[in-house]
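J.: When we follow my numbering, the leftmost residue of the sequence shown carries the number 1, and every step to the right adds one.
Take the hints with a grain of salt, since some may be wrong.
Here are the simulated SDA-like cross-link-like pairs (lysine to any residue), alpha carbons at most 20 Å apart as the crow flies [stated by the list, open to error]:
#1 K143 <-> G160
#2 K153 <-> Q139
#3 K143 <-> H205
#4 K153 <-> H205
#5 K143 <-> A133
Since the hints were made in silico from the structure, they are not lab data.
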Amino acid sequence: MASIPIKHSSLLNPVQSQRAIVRIAAELTVALIGIAFVVCGVLADRSWFDRHFLPTFFAPFEIYIVAARTGRILVAALGAALLLYVRPRFGRLVVRTTARRLAVDGACVSAAVVLALGVSEWALRHTVFGLAAEETPPQVEPKRLRDPWLGWKFAPARTGREDSEGRVIEYAFDANGYRVPRAHENVDLDRRSVLFAGESIMVGHGLTWDESVPGQVQALLGIQSANLSVEGFATDQEYLRLAAELPRFRRPVAVVSLFAPALFDRNLDADRPHLGPGLIWLPGRHRSSLAAMVRWMVPYHSEAAVERTILVTREVRVATVYLARARGATCFVLVPQFAPEQPAEREVRRRILDEAGLPYERVELDPSWHIPWDRHPDARGARALALAVANRLRGEIKQSTTD
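Taking the hints into account, I'd like the entire structure generated from these sequences.
T.: If you want it as C-alpha cells, here you go:
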C-alpha cells in the first residue's frame, strides 16, 4: 500500500510557531504596561494625592488638584489606548520585522536615547537645574554666595537693587549679611534685639526695609530688629544660621522664626547641607539635573520621606525654642496663612507645631495681599504679620521684665 504524505499543520511549523510566540510576548508586554497605567489612574485618588504631593506656596493649591485630576484621566486613557489600540498593532509590527532589523533598530534607538540623555543632562547642569532646588543664579538680586555649612547666604556688605513693577527695591546688607535699612549701617550686637529667622517672606522679598516684617516690628516696638533670614532657606537652614549667629548678640530679647506649611516641601531637599534625625548635619547629595527637572514638574514624595521630614522639622522647631530660651530670649513661630487654609496645610501645621506644643502665632492673610508678580505678602500682608508679632512681644517682654 502506497504511503499517503501528511502535510504539517501551520501550528507545527517552527517558523510560524516562533513568530506566534514573539507576537504573544510583545502584546503581553504592552498589555501589562497598559494595565499598570489603568490601575495607577484608578488608585491615584485625592487621598493618595494628599499623601504624596505637599502644599505649595508659589501656586494656588486648586491648580494642583485640577492638574492631578487631569493627569489621572490621561494616565488611565493612555493605559486603555495601549491595551485596545497599540497592543495588537505592536504585535503585528514585531512579527513583520525580522529579528536582525529589530536588533539594529533597537541598538540605534538605545544609542540615540543614551546620547539624548547625556546631552540633556549636560545642558540642564548649566542652567538652574544645575543648582540646588532653592538656589538662584548668581546674577539674581539679592545676591547669594555658596556656603559649605548653610548651602548659601547673602553676600555681605553690599546693596542690591531690583526693579519691581516700576519700583526700585533696595536690599542692603551689613558686614554679617543681615538685611539693614540702608547701606553702611550695621546691626549693633550690643543693643537689645529681636532676632528674625526665616526665608524670603521674612527677608521682605519685593518690599523695602520699612515695609518688611522686621522693619515694621522695629518701628512698632522701638527695639532693634536683626534680620538673619536668607531667601530659599528651609527650616533646618534657618536653625543652623540662628545657632551660629545668636551667641554674638549680647542682649537678645526674642527670636521670631517663620514657618509656612505651604513651604514645608523644601524641607525634603537633600541637594544642600541639611539636618537628619538627631539634628545631625549632613552634606548635600548630588542629584541628576534630569531628575531635578522631573521632580520640579511632578513633585512626588514617598510617604516614608514625608513622615521622616515631619519628625526632623518638629525636632528642629523644638531645638530652636530651647536655643532661644537658653539665652534668656522669648521665642515663638510666626505662621502666615493666605486664606483659606487647605486641609493638607492644616495637617502639616498640626503634626509639626501642635503635636510638639510649640508656641506660635498664626496670622490669616487676605488672599489679595500679595505682591503682583508672585505670592509673597505685600506691604499690607507684612503689616498684618508685624502687628501680630509686636502685639505678642509686648506682652511677653513686659512679663519677662516683671519676672
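J.: Next step is simple, just say for each hint if it's right about the structure.
T.: Each hint, compared with the structure:
At most 20 Å may separate the alpha-carbon atoms for a hinted pair to count; K143 and G160 meet this at roughly 7 Å. Under the criterion of a C-alpha separation no larger than 20 Å, the hint pairing K153 with Q139 is consistent with the structure, at around 14 Å. A distance of roughly 12 Å separates the Cα atoms of K143 and H205; the hinted pair therefore holds under the 20 Å criterion. A C-alpha spacing of about 15 Å is found between K153 and H205, which places the hinted pair at or below 20 Å, so the restraint holds.
Distance hint between K143 and A133 is fulfilled; the C-alpha atoms sit about 16 Å from each other, no more than 20 Å.
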